[in-house]
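If you read the protein sequences in the order shown, they are chains A and B. If you read the first sequence in the numbering used here, its first letter stands for residue -8, the second for the next number, and so on. If you read the second sequence in the numbering used here, its first letter stands for residue 68, the second for the next number, and so on.
Only true hints are included.
Result set (EDC-like, lysine to aspartate or glutamate): computed pairs, CA atoms no more than 16 Å apart in a straight line:
1. B/Lys115 with A/Glu187
2. B/Lys94 with B/Glu163
3. B/Lys94 with A/Asp172
4. B/Lys136 with B/Glu107
5. B/Lys94 with B/Glu107
6. B/Lys115 with A/Glu186
7. B/Lys94 with A/Glu77
Stretches of chain A that chain B covers, calculated by requiring three or more beta carbons in the stretch to come under 8 Å of a beta carbon on chain B:
8. 25 to 33
9. 161 to 175
10. 206 to 220
11. 274 to 284
12. 348 to 360
If you are wondering where the hints come from, they were derived from the structure by calculation, not from laboratory data. Positions of the beta carbon are idealized from the N, C-alpha and C atoms, including for glycine.
So the chains spell out like this:
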Amino acid sequence: MNLIPVIRPAVLLTLTAHLAAQFPANVVPNTYLNLDGPVLSDFAFGAYETRRQLLIDAVELGPSRVRQLAGLQLRRNAGGDQDVLEAGRVHVRVTLSSSPRSAATAEAAFTANRGQDATVVFDGVVDLPACPAPTTDPAPWVEPFAITLPFTVPFRLASRTLCIETETTPYVDPITGTRTDPWWPVDSVSGRDSEEPSVLGPSCWSENPTPAPACTVPNTFVLGGRGIFTLSGPATPRTAVCLVGVSGTDFNGLPLPFALDMFGAPGCSLQVAPFLQIPTTLMRAPAGPRTEGRAELPIPRDGNLAGLPLFAQWMVFSPGTNILGTNWTNGVSIRIDPGLGVPRFAWVEAPDLVSGVGHLYMRRTPVIRFIHN
Amino acid sequence: MNSRSLPSAEHRPGTTSADPRGPSRFKVQPDPPVAGQPVEVTYSGPAKFVEYQVDGQPAVRVRPGADGKFRIDPLPSGDELMFSDNLGIPGYLYREIIQTH
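Given these sequences and hints, build the entire structure.
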């Protein structure tokens, strides 16, 4: 008699029970079961319109992948954070699905990560409790230090990666019409620090007030993401061009930086060898006497691009400032994330509910405790 | 560029319709801030660097520390304090500065 068909289910059941015992609380990332995460985040409970996706590979989920998920918990940030949190309300909609992608292959487009079994498991107002400063580190998984979102329908993961999608909107009291602006940061992990951008050369853009140096949002430069170059300047809106290149030392045999004095822009220099020009309008910021602009560069999921250095510089049209009529900012260089190691978490975020594409951050996640049936 | 080709890009102009007095990824203590006194700032968003600016003075770029915190000590004199993370509407905060004299 072949006992394997009989033994195999029994072994699997035993193994599952063993795994469940190994992950009694099923906290993700499990490293932070009894350890406060190094950062805080506004995941789900920031009082402004935001759509997020969180991709968690099943290897991090432990035995929950063989059980039904019935809810999740998020705990407040602790560590050195002794803030007293005020009560508030926010509206949250949570959709779970079995993602066709892994965290490592997440895309900035929301639809690319969402599985066909997408199920709304929570849709309602969340009462954020008033919370004193935590006396334990990490904060305990009990109210008011933690918030529980019970699912209205259980969810069973059918693939390698769980996709948690949240849509957050401010809560407006239906009677008074007032809204609360709660601040309830949750304990989170952001993975390793991304490489810092390097500044290349000076800027010749001298106005009052002095424009901030051109920069980047470094952790957006990941495969499948959208890298962001930023510039802010004085209050008057104007046109600028973001020059993007792959070298900061050579432009078709021309050594860089290259002085532009002879072209009528004294004190200015070309810092990058551009292969791409992104025209941008620097617009008035919502506050302060300044303008802001950003240029976004879609980065294909091509392993050959991992670690590739990128260089950027802004040319700002400033008629009358010199014969060339342009100011040239400092250059900035940033490497596309080299992708060392396999990320098990990916976070996509858009600052509204209508954008189909957000910004992708690897290895960023809140610390989550899953509840099972 | 062989296999390292990058696609066309797009520009995203700065936002003009946000209300920077509303909810934000930034929190300041004390709120409102007071000129000449320290301000404790907590940032909860994903950016590694953020900027703040007082009136028309040059913007200051800061890397928030552990738990998203950084300190402005003391807050320079001025009328307005503004924060930005360059990541859209929730990434702004505007506060009027309380004058002590």
